[in-house]
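Residue numbers (this note's numbering), protein chains in the order written: chain U, 1 to 103; chain W, 10001 to 10232; chain Y, 20001 to 21009.
The set of hints was computed from the structure by calculation and includes no laboratory data.
A few of these clues could be false.
[Claimed, not checked] SDA-like cross-link-like pairs, simulated, lysine to any residue; straight-line CA separation at most 25 Å: (1) W:Lys10016 / Y:Lys20159; (2) Y:Lys20799 / W:Ile10004; (3) Y:Lys20782 / Y:Asp20792; (4) Y:Lys20455 / Y:His20364; (5) Y:Lys20633 / W:Ile10004; (6) Y:Lys20633 / Y:Arg20612; (7) Y:Lys20894 / Y:Ile20679; (8) U:Lys84 / W:Gly10078; (9) U:Lys84 / Y:Asp20714; (10) Y:Lys20159 / W:Arg10025; (11) Y:Lys20684 / W:Arg10115; (12) Y:Lys20455 / U:His80; (13) Y:Lys20705 / W:Ile10004; (14) Y:Lys20392 / Y:Phe20023; (15) Y:Lys20799 / Y:Ala20785; (16) W:Lys10170 / Y:Arg20169; (17) Y:Lys20713 / U:Asp39; (18) W:Lys10044 / Y:Pro20812; (19) W:Lys10170 / Y:Asp20714; (20) W:Lys10170 / Y:Cys20611; (21) Y:Lys20633 / W:Arg10025; (22) Y:Lys20970 / Y:Gln21007; (23) Y:Lys20409 / Y:Pro20525; (24) Y:Lys20894 / U:His80; (25) Y:Lys20684 / W:Asp10096.
Being a predicted model, the structure only gives us computed values, none of them experimental.
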Amino acid sequence: MLHIYCPHCAEYREEEEFRPKGEAHIARPVEPEATSDEDWGNYLFFRKNPRGLHHELWYHAAGCRKFFNITRDTVSYQIHETYKVGQQPSVTKQASSSKGAAK
Amino acid sequence: MSEIAQMDLNPRGAVKSESPLAMARVNVALASSARDAGVVVREKPFLGHLVLRGNAQDEAFRGGVERVLGLALPLALGPVARDESRGVSIQWMSPDEWLIVVPAGLEFEAEAALRRELSGHYAVMNTSGGQTVLELTGPKVRELLMKCTPYDVHPRAFPVGKGISSVFAKGSAVIRRVDEERWELVIRRSFADYLYSWILDAAEEFGVFVAPAEPAGSAERRIVREVAVEGH
Amino acid sequence: MSQQNRLGTGGRIDRSRPLRFTFNGVELQGFAGDTLASALLANAVDVVNRSFKYSRPRGIVAAGAEEPNAVVQLGASEAAQVPNVRATQQALYGGLVAASTNGWPNVDKDLMGVIGSVGGKFMPPGFYYKTFMAPASMWPKYEKYIRKAAGLGRTPKEKDPDIYDHINRHCDVLVIGAGPAGLAAALAAGRSGARVILCDEQEEMGGSLLDSRELIDGRPASAWVASVLAELATMPEVLLLPRTTANGYHDHNFVTLHERRTEHLADLAPSINGRRQVRARMHRVRAGEVILATGTHERPLVFSHNDVPGNMVAGAVSTYIRRYAVVPGRRLVLSTSNDHAYRAALDWHDAGREVVAIVDAREHPDGDLVNEARSRNIRIIPGSAVIEANGKKRVSGAQVARIDIGGFKVAGRVETLSCDTIASSGGYSPVVHLAAHTGARPEWRDDILGFVPGKVPGMTPVGGVQGKGAIAEALADGAAAGVAAAQRTGFQVEAPALPKVAKVREGRAVALYQVPHVKPAMRAPKQFVDPQNDVTAAGIELATREGFESIEHVKRYTGMGFGTDQGKLGNINGMAIAARCLKQTIPQTGTTVFRPNYTPITFGAITGRHCREFFDPRRYTALHAWHVEHGAKFEEVGQWMRPWYFPRGNETMHEAVQRECRAVRESVGILDASTLGKIEIQGKDAREFLNRLYTNAWTKLDVGKCRYGLMCKDDGMVMDDGVTACIGDNHFHMTTTTGGAAAVLDWMELWHQTEWPELEVYFNSVTDHWAAMAINGPNARKLLAELTDDIDLSRDNFKFMDMREGTVAGVPARVYRISFTGELSYEINVQANHAMHVWKALFEKGEKYSLTPYGTETMHVLRAEKGFIIVGQETDGSMTPEDLGMQWCVGYKKPFSWIGRRALTRPDTKRDDRKQLVGLKPLDPKLVLDEGAQIVLEKEITIPMPMVGHVTSSYYSPNLGHSFALAVVKGGAKRMGQTVYLPMADGRVHAAEVVSPVFYDADGARQNV
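Model the full structure from these sequences, guided by the hints.
See the structure below:
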């Protein structure tokens, strides 16, 4: 049972108010008709399944009915941040690995 | 025809209307009176419910709503804007969505007034037939709500005045705290029977009493209509 | 013979309230304040169960949740039966009825015991698998008898009359365990004003302090407990939950607490003032901070025949004597590896019974308690241990020998001491289970010879679970954690003054788990590690010899830690033995994973109120009461209760549906269509949004016109359909399928919010706002004309697929001339509160047309006659619009690449041998094919053979005079006229002709009148 901060309601809410919607930042190709079958297939069907940091799209179904993004660790289930659609995550694998390098 | 079709859906003549709880049955042992009950349930049927959509950043939009309803548009989750004497309230539902409740039968006038005052990208949608209001009063309401919703109803998280929407039993509800021991639920018509039965069942151990539904008052009507017209 | 083991004074029982109870049919007496276990011990009941596998007689071992043997079946009546109740956790009440869960035909004469005693060594781990699995066909027979003989209780056969519920709680600090550390933590946090929940699984809060020998501030420890509880009770933000087990620890400090509210009163929940009381309640707690004060479980030593009744863990002996005034025997031998366990001997001695000897594994025991024992002239045998217990149904003696722990061997001669009770202690295992639920691996600490909880964000272990078991230490640790937790959740408080507790000096314990025997480990008489699952030290050793090196595999091979035990009593001993056999350390061996629930909970508590009528929401239309009154049979569609058909008199379903079908085609019928999803769309980009959402075009739809639309997912597969009306230039009224309403709205929001936020459009569900009544049939116009005077119903002014606003029966209405039956049809939409009035008015005027209400079944038949699909029946997420023969509904020329378009040009969606929608006409015109029946091309059935499709809908049509079906068939469009075959499970093979899916009025003449 995750405890999720909704960036629109600006409150922590219980997981049962939300629906997970899979990987975040899956943009529809701008020109679908000019997209190859393979690329279209990748867009439709292929998703990351990382061990560790993952960016996910969630829906506040029983609350404000807004979609938003979560950066979540798939091992510890820790939520590092939530952010609105259109924004970019601040906690990323790149960011954490560069932090690691700085140490 | 116009860009938006607006329609007064209330009949002019004598028509027997039925609230969503018209067929609800009581399946638990009720307390003998409101005084003996930890929870008193009362429906406030036939109120006008409007969903307002628009851009909260737009000053003209905010101003227009305020002129029509005489209440400032809430800009974040928190207190419901409310004038109890006129029976008008505006609740923040989402960054671009509000629930407006007006006295019974005034939803058409309120919508028309909003349409006169607002411009640009906005929407007003009438949902009066699709939902009803349940009022819950009594010292045990908070404990009852804890059995129904995962939302924190403690005064520190849910002070008087606040309104939210959340999971309620296996459905959902808008939950508003009107007073220390007075709450309102806005529930959907099709779920009303399920939620009402659930509430009675969950409240049985506290002693629960069902009060007669609040009749729609005509005095209230005039007040709101005047405000709506004033705004124009 | 009553309560011969009860002391005349002392204990926390109420001797003025004797209680009668029944165990295995024998009536016994105990006192208020007893547990079932203490009452059984008071009455000298030695054998409480038979063991799971070997059927050995077993007695009470412990005094808490870790009890492995005294697992009983509770309940006086059939409906009240509860299995798997630990007698040590069950409060005694008058009239309690309990029975052993194991033992067939009974615990004293047990059939399986013959196998257990004679064939014990022939039942190693894997015995059942190895012995009974061949031949495989015989397993069900063996299983029947094995299960009968070796169960762990049974479920009731009657309905449980009790009610249960869930409650959601939020707090700043949750303290789990109300022993010294937990009480101190709750007191500190509570004084800060933070919201605090303190829960404890026992009847009374206080934990070890309730049977402690130490004084706190010069008074008995229980007095301090009472004063703390009194102060906590005055704090409005503190909730005390006794009889409440934290049974699951989930992510982000979400903890489920299982509160037993009435189980200490009776086997069924009593009513108060006629109000049913909740028997058990699950508290779903979201905590800011969790303080884990779960203490320790004492480990017994693993020696031969350590399962004979009369063997107990040392701490339990103290608990029974001090808390319940029960001395569970006459002559005690204590075998220990540590000082702490000396309390058992001291308490026993002080109760006036004989301590035969304390057998201490250490060469030079030295500590305050040791000296106390010496001062009482109790014999202490150093450097030794009990290596074997004598006796069958009760201990009759203890074989004691000097042992060499490092060399794992007996180092001297064996002396037999006469006794009836052997208490043993191998140390104290922190109760890490809850912390492990979240995935945190426990960490080994050599200094305390135990695993402590791994790190969990927002969780602080305190007291015994952190290796700080001494009272003074536990109090200080708890208080500091309480202050810190309050601070982290935003509350300031000063550390409470700690009470004075005399320090007890304890000597260092020695690491002893399995005790060596004179015989080699594999041949020694059984040394039990996990008595509940009959796992022995030799069994674990065998597992390691057979190649199981991972502790998780050893667990599964031997069964160690299974059942209700979940590794409470024996796990650390088992790991230590595995480590010895694998020649590695305990931390290298590691622990198994503990999972919820910590102790068994009833299905009632898990289910809460979500059962019976509340199992799932039932949604009703505004016309439901009328349907009920008119005898409708209902069908659940999504969560909606829809009329299925309206039988008259003794009509069968078939007869009713045939009549309803004819009524629609011949005169007029009416359907409650209110459940269809309805979405209101407003905004200047509404049309563009519809263009992108639907497969067909919406740019040119005029105000007052309706259009049917198909929605695909972006993979090109049909997801929903429905009619959308343009009611204003920027204003549309969309309908969806009944089941798809919520999903379609979410789908629209998803695309709007994530891909096309620039489109100026808003959506809202108005499903419940409108009630919809569809009148269908040649007399529909005449009927409607009687109820409206402001809508021109003439053929040319109100055409098929038009929408008009007006008044019907005095109620403002939107009337859509759309049809799902192929007949002349009007769908009347009014605000739901006024719907019943309109519906009744229609029936008033409809009498002369024999207006007939019909349900979903008739609707299905009529639409199928027309070849209209139902999404989810003709489609299954793998059908494109073209597969459904609905190319006419696909706007390939629309400029924007609408959702699904690109995928429809993928090679796979272009194949011409995809499954396509066809009609089937059975060669036997009376035969209604089974929906779901598979279709093959050959009459001769050979298995396997290619299956080319299946029946999606199948009915008998009174209008056609024959049966018919819709089906999807590979390359079906090209198979018109071909005969296909449908093999049935009973061997019959049906034949049907492939035909067009439109069976009725293919030109649409009937709806365009």
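Sort out whether Y:Gln21007 lies within 25 Å of Y:Lys20970, counting only the CA atoms. violated (32 Å)
Does Y:Ile20679 lie within 25 Å of Y:Lys20894 when you go C-alpha to C-alpha? The hint holds at about 23 Å.
Satisfaction of hint between Y:Pro20525 and Y:Lys20409, Cα-Cα up to 25 Å: Holds - the C-alpha atoms of Y:Pro20525 and Y:Lys20409 are around 15 Å apart, at most 25 Å.
Do the alpha carbons of Y:Lys20633 and W:Ile10004 lie within 25 Å of each other, as the hint requires? violated (40 Å)
Pair hint outcome, Y:Lys20705 versus W:Ile10004 [Cα-Cα no greater than 25 Å]: Roughly 14 Å between the alpha carbons, so the hint for Y:Lys20705 and W:Ile10004 holds.
Holds or violated: Y:Lys20799 with W:Ile10004, Cα cutoff 25 Å? Status holds; Cα separation ~22 Å.
Compare the distance between the alpha carbons of U:Lys84 and W:Gly10078 with 25 Å, and conclude whether the hinted pair is satisfied. Since the Cα atoms of U:Lys84 and W:Gly10078 sit roughly 20 Å apart, the hinted pair holds (cutoff 25 Å).
When you check the alpha-carbon spacing of W:Lys10044 and Y:Pro20812, does it fall within 25 Å? This hinted pair holds, its Cα atoms lying about 23 Å apart.
Is the straight-line distance between the alpha-carbon of Y:Lys20455 and that of Y:His20364 25 Å or less? This hinted pair is violated, its Cα atoms lying about 37 Å apart.
Taking only the CA atoms, is the gap from Y:Lys20684 to W:Asp10096 under or equal to 25 Å? holds (17 Å)
Are the Cα atoms of W:Lys10170 and Y:Cys20611 separated by 25 Å or less? holds (11 Å)
Given the hint that W:Lys10016 pairs with Y:Lys20159, does the C-alpha gap stay at or below 25 Å? With Cα atoms ~43 Å apart, W:Lys10016 and Y:Lys20159 exceed 25 Å; violated.
Of the numbered hints listed earlier, those contradicted by the structure are 1, 4, 5, 19, 22 and 24.
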